[in-house]
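> Sequences are here, hints too, so could you generate the full structure?
This is what each chain is made of:
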Amino acid sequence: MAQALTDALDLALAKDHTVLVIGEDVARTGGVFRITDGLLQRYGDDRVIDTPVAESAIIGVSLGMAIAGMRPVAELQFMGFSYPAFDQIVNHVARIRNRSRHRFTAAMVIRIPFGGGIGAAEHHSESMESIYAHTPGLKVLIPSTPYDAKGLLLAAIEDPDPVIFCEPIRLYRAVKEEVPDGWYTVPIGEARVERSGTDVTLITWGAMTKETRGAADLLATEGVEAEVIDLRSLVPLDRKTLVGSVVKTGRAVVVHEAPRTAGFGAEVAAVLAEECLYELTAPVERVTGWDTVFPLKRGEHLYLPSVERIAAAVRRTLQA
Amino acid sequence: MAQALTDALDLALAKDHTVLVIGEDVARTGGVFRITDGLLQRYGDDRVIDTPVAESAIIGVSLGMAIAGMRPVAELQFMGFSYPAFDQIVNHVARIRNRSRHRFTAAMVIRIPFGGGIGAAEHHSESMESIYAHTPGLKVLIPSTPYDAKGLLLAAIEDPDPVIFCEPIRLYRAVKEEVPDGWYTVPIGEARVERSGTDVTLITWGAMTKETRGAADLLATEGVEAEVIDLRSLVPLDRKTLVGSVVKTGRAVVVHEAPRTAGFGAEVAAVLAEECLYELTAPVERVTGWDTVFPLKRGEHLYLPSVERIAAAVRRTLQA
Amino acid sequence: MFQLLTPSGDLTGPSPLDLTMTRRLYRALVFARTYDRKGMSLQRQGRLATYAPFEGQEAAQVGSAAALEPDDWMVATYRDAAAMWMQGYPLELLFAGRTGDERGGSPPDHCPVLPPSITVGGHMVHAVGLAWASRLLDERRVAITYFGDGATSEGDFHEAMNFAAVFSVPCVFFCQNNGWAISLPRSEQTRSETIAQKAIGFGMPGVQVDGNDLFAVYQATSDALARARSGGGPTLIEAVTYRVGPHTTADDPGRYRDPAEADQWRRRDPLERVRIFLSEREAWTKEWQDQIEEEAGNEIDRAVGLAEGLPLPTSSEMFEGMFESMPAHLVNQHDRAGLR
Amino acid sequence: MFQLLTPSGDLTGPSPLDLTMTRRLYRALVFARTYDRKGMSLQRQGRLATYAPFEGQEAAQVGSAAALEPDDWMVATYRDAAAMWMQGYPLELLFAGRTGDERGGSPPDHCPVLPPSITVGGHMVHAVGLAWASRLLDERRVAITYFGDGATSEGDFHEAMNFAAVFSVPCVFFCQNNGWAISLPRSEQTRSETIAQKAIGFGMPGVQVDGNDLFAVYQATSDALARARSGGGPTLIEAVTYRVGPHTTADDPGRYRDPAEADQWRRRDPLERVRIFLSEREAWTKEWQDQIEEEAGNEIDRAVGLAEGLPLPTSSEMFEGMFESMPAHLVNQHDRAGLR
Ligand SMILES: Cc1ncc(C[n+]2csc(CCOP(=O)(O)OP(=O)(O)O)c2C)c(N)n1
Ligand SMILES: Cc1ncc(C[n+]2csc(CCOP(=O)(O)OP(=O)(O)O)c2C)c(N)n1
Ligand SMILES: [Mg+2]
Ligand SMILES: [Mg+2]
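Chains as they are written, first to last, in our numbering: chain X, 1 to 320; chain R, 1001 to 1320; chain V, 2001 to 2340; chain U, 3001 to 3340.
I should point out that these hints are in silico values taken from the structure, not numbers from a laboratory. Treat the hints with care, since some could be wrong.
What the hints assert, rightly or not - Quick list of in silico lysine-lysine cross-link-like pairs, DSS-like style, CA-CA up to 27 angstroms:
hint : chain 1 : residue 1 : chain 2 : residue 2
1    : U       : Lys3038   : X       : Lys297
2    : R       : Lys1176   : R       : Lys1015
3    : R       : Lys1248   : R       : Lys1297
4    : R       : Lys1297   : V       : Lys2286
5    : X       : Lys297    : X       : Lys210
6    : V       : Lys2038   : V       : Lys2286
Put into structure tokens, the structure is as follows:
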């Protein structure tokens, strides 16, 4: 997935002179995860910018640039370091269009590597996508395949409104896939059916798509055909695909890595309870991270939803 | 409610010399809403502290004090100004206990006036309680009556862990009620049944308790007996009362002022979809603020859930 | 502290403005004060939401804004209506904003002024970004940002100053030190003797000027703008002035300060010294004063009329305000809003 | 820049330490370096999670921490193991933290050191709060906080410095300017000539010292602590040093800096100059060096053993870690976690 993201940034910088990449260590080192590797050499330090360690300024300055007509793609090193910029994101980036009734806008992308599973230090394994999904004025995208990563990032850069672009750290190097050269976009707001099935619908996004797919494959050996939906876009949410699938299967399990309480899985369950209650033949299960701090390396296995945990929830649902 | 909160702070300052009040304009002026009025004169500027305009420092410094054994009650003037302190709240206040495995703790309260309806300027009408409810390590309390305001605030101050204490601005002067003198607490994590009924359960909190109660009274004139539950505590959540009521009525409508997507109403709906799906005879409706920026004075009426909107949702639920 | 015109109207250095220009700006000062007093009285009549008066700060705002080019960016606060108006922000929109109407935040295309910042401190970084973009786009535009003494306590002030200096962007930081952050006096906001000296920590030039001195403010701002435009980077200007009114119409200064202090400062009024300067040069008459006050009054009444004449906002505007094109969930919510 | 001991071991001023104390601290320097090299090699063997080496910064950490009273608070970062160890943080817990175990963050009750801060800049305000509480509780404790040059770019640095100065709390801000914030050189982090001069904007004393000079660091810190303890308020100390290793084991300095730079600094090694100073005074022998290196090695191996001997964390510890008593929803989740 890393390479697909680099391709997207490379294409965008080449095509549109207003696009620029800005963040901590994005230029000289090509970023903590090397996503911006080589861009400085190709586009120069006016367009690939290493900043001081100041997340609020990175986002606030990017907003100013966006208002003036640039298209900044800002990188925050980890989701845990997006919080110092929370005020700029919520109070300003998400609101300048409405505040000025379309006179000033924020066509910008905020790239945020997120999620755990690589034994990182504290704050480096956060999954707080739902706080951004709850913020009016933002779009929240989360790719889980190289193809989607490139297509969604290009769509985000084209988008006239601000996009929070969450990149699952665990998948950067995990999934390899040939992606088309050249410019293509994946439409924002459309979920992807990762696997189709008829017995139960598993809804997920980001790195958990891997475990969820794994659970579906395991269940297949037990004769259970699970449909796996990768939302890809939390805001806007593709209710049609979501509800359509659950109407078909009558059962739903939501899987995410973020803490359970008020996680985005709650929104998914709420949508189902609103729109297809009568089609539901079993309670909507949520397999999520716990309401605890994400553990350090030696305890990660205690927190992350596993194939087994997901499969167990599905079995409960089927027995219900 | 304002007076009840002042009483609570007064009692706490008098009883425990480690308690202190800190924030912008809390001392000389007694706070924007006069909640801390008179405390400076009674307890001196070592314990009732006016700070420079710096929310992150207010919370971070309070955390340091708490670690050293003080019990700070910090005030952030409006929820929209809690975002500059978001990093301190999420990355530090909520985590110091776990990070140090109980060696260092954060017995502190963060008071945040929130919600709209008074025609205030931008950022002064926010309801983002769910982002704090989603943060592991925090308790989130929201009183809607003077009695609860005093009892919950004292409980929060006694609590050994950090509490986000959200005060509904619209109710500060709206509801009058005699509250007992002296020290009493309302247990954290217990919902309050504002009105009992048998036909449908209305779940709400904060200022919306008023409109929701209004809707229940209106519906009573139509022969509908609605049970109204004021959660009071989002974290921990009183699932027993919540689920018990819905099992009884078979119908649920959640009402809150915050934006709809990933609001805490989603969590409530998700809990119901998990725990009493079979008892639900109608889809769980959410009557909420829209996924828009909270409008300025002239447009507030377009955003805030009204008695009529709530009643309409209930009627839909009953016809379902 | 840099000063060119004493409270008694005497020049202590060469005036940067000729008589015609001085008269033009005196007229603007009168406009500003008329606007401000109108704002206070309208709020008292319940026709405006909370209002934040700037009486006493007119010279700081008018003098600095007068030095700008028409296309220079401006990022200011809830208390800077005079500066915004000087840079082309329509009066009626300033009033509309104060009635609590989002449309007040939407200036015409030619007006390079952002809607006023309500959060304290968060807007300066936006000015840095605007200034930076101006350089990237090979424009000669400078960005000026207005903020108060209290705002210098926020972390975002620090980050904005640092980015501006590190990337040497054409940005002017204009601080109106009006003595108070609501109830907190300047002396308890920071132990630094001046706010200007905060520039030292960023390797940026900083200057302290008499904020009630139209000439000094104009001169200092012109110098900073010239340096910025010629690639010399940012400057911090501390304009020492005073908020003679309340913080807002919801505030009662009696709770935290001695009225004598405000009276002191009324004697250093920014309009009066210019009036004396002009009249000593036969460039001011009572008739003219009456005339410009009347013109200001009429112009402002017209603007108030337009603002109050705006129809109530519709829910369509609310929903359409969020994105360039409404996503399905907002369309859906918009429909429900229709049925209430 | 304040210096007492030159790289070649010559005194340029009176030493604040007698020979015995100097030997004690030299021993600590050797300990620190042994610990650091062990950390690197263990990580390379996959026995630690990412490791952030501090080679080259030993004198800055040992010299400053040596000046503390045993109950002075310390709030430091991921790169400050030597300073934390000096203030009583058990070696085995430092290692445990680096293996990725929360128990490493839980020092014994008598140890007034917070677990290392992983976020950059956010921890300094905690030190300000600790120092403030010390005054409110009539203790004589001072709080010292360690941070890097890069951290001074964060808004929280500004807010911490300002609160400390405004409320005149007994806090010492100890900045290890090691030349780099990952790949960003000091010169591109801020345009101010020194970091010490950032104190001016807060009306706080600031001093720049040779961070590789044990004596100068000890002296400057002692002075700052004394001032703080006697009610004189906070001080900013800039210790100029260098990170000769990578930012962390995940970093490749070859991508952003010339190896010659590190070699330059190796010639200004903080241990060597003390060794020369001692040997010129017959207070250092090869035998003693071998002995303390062996002692360090053994002590550190013991600590590593203890850290690696810790049983894997249980889910009970994870859930119990959140609150003093587990709320129902966590009990519930704990149960489910049991059944996987
Ligand atoms: C982030 C934030 N915190 C708090 C407030 C509440 N508030 C409004 S104005 C103000 C004082 C600002 O003082 P100063 O910067 O000196 O500007 P002045 O009002 O004096 O013009 C405060 C604390 C706010 N608007 N934004
Ligand atoms: C808030 C935050 N932003 C970004 C990071 C990622 N990060 C870790 S260390 C570092 C550089 C810090 O440099 P400096 O303060 O000089 O300390 P040093 O590593 O040199 O000791 C950065 C950017 C972080 N940990 N926290
Ligand atoms: Mg002020
Ligand atoms: Mg450094």
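> Each hint: holds or not?
Hints, one by one, checked against the model:
1. U:Lys3038 <-> X:Lys297: holds, 20 angstroms
2. R:Lys1176 <-> R:Lys1015: This hinted pair holds, its Cα atoms lying about 26 angstroms apart.
3. R:Lys1248 <-> R:Lys1297: Judged against 27 angstroms, a Cα distance of about 40 angstroms means the pair is violated.
4. R:Lys1297 <-> V:Lys2286: Violated. Lys1297 of chain R to Lys2286 of chain V sits at ~41 angstroms, over the 27 angstroms cutoff.
5. X:Lys297 <-> X:Lys210: holds, 20 angstroms
6. V:Lys2038 <-> V:Lys2286: Given that 27 angstroms is the threshold and the Cα spacing comes to 21 angstroms, the pair holds.
In this structure, the hints that do not hold are numbers 3 and 4, in rising order.
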